[in-house]
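K.L.:
Sequence:
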Amino acid sequence: MTQQPKNISLQGAGAVAQALGKLYPQLSKSHRKTADYVLGNPFRAATMTIDELSEAAGISVATANRFSHALGFDGYASFRAALVADFATTLAPVEKLRDEVQRAASSAEIMAAAFESDIRNIEATRRLLTPEHCERAVDMILSADRVFIIGFGASAYLSGLMAHALEPYVRSVSSVAMAGGPSQAGRQFFKLDQRDLVIAMLFPRYAADTVWLTQRAVEKGAQILAITDSHGSPLVPLADVAIYAQIERKLSPTSDAAALILIQALCDAVAHRARRSVQAASQMTEFVLPWLYLSQQQSPRTGTTPVGKPAKAAPKTKGKTKS
Numbered sequence: 061m062t063q064q065p066k067n068i069s070l071q072g073a074g075a076v077a078q079a080l081g082k083l084y085p086q087l088s089k090s091h092r093k094t095a096d097y098v099l100g101n102p103f104r105a106a107t108m109t110i111d112e113l114s115e116a117a118g119i120s121v122a123t124a125n126r127f128s129h130a131l132g133f134d135g136y137a138s139f140r141a142a143l144v145a146d147f148a149t150t151l152a153p154v155e156k157l158r159d160e161v162q163r164a165a166s167s168a169e170i171m172a173a174a175f176e177s178d179i180r181n182i183e184a185t186r187r188l189l190t191p192e193h194c195e196r197a198v199d200m201i202l203s204a205d206r207v208f209i210i211g212f213g214a215s216a217y218l219s220g221l222m223a224h225a226l227e228p229y230v231r232s233v234s235s236v237a238m239a240g241g242p243s244q245a246g247r248q249f250f251k252l253d254q255r256d257l258v259i260a261m262l263f264p265r266y267a268a269d270t271v272w273l274t275q276r277a278v279e280k281g282a283q284i285l286a287i288t289d290s291h292g293s294p295l296v297p298l299a300d301v302a303i304y305a306q307i308e309r310k311l312s313p314t315s316d317a318a319a320l321i322l323i324q325a326l327c328d329a330v331a332h333r334a335r336r337s338v339q340a341a342s343q344m345t346e347f348v349l350p351w352l353y354l355s356q357q358q359s360p361r362t363g364t365t366p367v368g369k370p371a372k373a374a375p376k377t378k379g380k381t382k383s
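The sequence shown lines up with residues 61 to 383 when you count with my numbering.
To be clear, the hints were calculated from the coordinates, so they are not data collected in a lab.
Watch out, some of these pointers could steer you wrong.
Quick list of the computed label-pair ranges, beta carbon to beta carbon [as the list claims (entries may be wrong)]:
hint, residue 1, residue 2, range
1, 122, 275, 46 to 52 angstroms
2, 351, 276, 55 to 61 angstroms
3, 111, 341, 39 to 45 angstroms
4, 82, 134, 41 to 47 angstroms
5, 170, 196, 37 to 43 angstroms
6, 120, 166, 52 to 58 angstroms
7, 145, 118, 24 to 30 angstroms
8, 135, 85, 19 to 25 angstroms
9, 193, 221, 18 to 24 angstroms
10, 134, 275, 38 to 44 angstroms
11, 292, 86, 17 to 23 angstroms
If you're wondering where the values come from, they're calculated on a predicted model, not measured in any experiment.
From the three backbone atoms N, C-alpha and C, an ideal C-beta is built for every residue, glycine too.
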């Protein structure tokens, strides 16, 4: 009876999976042991050095190297590169981090490099702006009855900041990514129609829930404004308008700074175009005044002057008080 690899359901269309599917019956016992580990843990194996794989699979380093050759690769490095290719978008930040941490650098140098990287990202993001898409994005925000902003992972925080910035200038805006998670967002999207706008944020590593919920929003007839990283983003085919931020970074998956700058710039454009924007901002400020700290001024909430630290008591004098 021809033996088949364990966990065969985990095989993908990558070079490693294809090679294992064809060659598994011909592999030695130790190589099958290695193959079983790789097929059972493809993502983990893609991130491992040869020493780490040999320890995890319970084989020698020499066996791991011979296993790579048995599958038709030049060595372990090319074998792992083929595994990484199956998770290219997901593993890209890990591979960049692996390269960077091997380079000697001081903390100040790393921080300076991060500033330089974000400056390049912001400049590139500015160049990616197109006048037509900017105008349409602002029109969509200002004309919508309701604006729903969605994004998961780090984008959830960005969506909250955008909702905060848009609050004075639109009829209704909410970030649906925080409380309740994807299922709660789905409950809100059930009521969408063509008068509504969904602003969807998606950056690598792409969150599947954002894509799926955006698809449901399209089905409900809502307009879609995508804020994403490139024309290859899965949001682009779903969007009426897409604007892009370059988010490359060496030691983390994305540059949240560049994405935030784009969001703030869009909100500025909305504020500039909104009717009675100055009056709206002034009224909003007046309304939230009771929650703002006003040093040495009367508190709008209590009608009293804020109390500072109590004065120190006068020191006691020793002996009797002279009359």
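K.L.:
Determine for every hint whether it applies to the structure shown.
P.N.:
Hint-by-hint comparison with the structure:
1. 122 with 275: 46 to 52 angstroms: holds (49 angstroms)
2. 351 with 276: 55 to 61 angstroms: Roughly 36 angstroms apart at Cβ, these two residues miss the hinted range, so it is violated.
3. 111 with 341: 39 to 45 angstroms: The hinted range 39 to 45 angstroms is violated for residue 111 and residue 341, with Cβ atoms some 59 angstroms apart.
4. 82 with 134: 41 to 47 angstroms: Violated - the Cβ-Cβ distance for residue 82 and residue 134, about 18 angstroms, lies outside 41 to 47 angstroms.
5. 170 with 196: 37 to 43 angstroms: holds (39 angstroms)
6. 120 with 166: 52 to 58 angstroms: violated (38 angstroms)
7. 145 with 118: 24 to 30 angstroms: holds (26 angstroms)
8. 135 with 85: 19 to 25 angstroms: holds (23 angstroms)
9. 193 with 221: 18 to 24 angstroms: holds (21 angstroms)
10. 134 with 275: 38 to 44 angstroms: For residue 275 against residue 134, whose Cβ atoms are near 42 angstroms apart, the range 38 to 44 angstroms holds.
11. 292 with 86: 17 to 23 angstroms: violated (38 angstroms)
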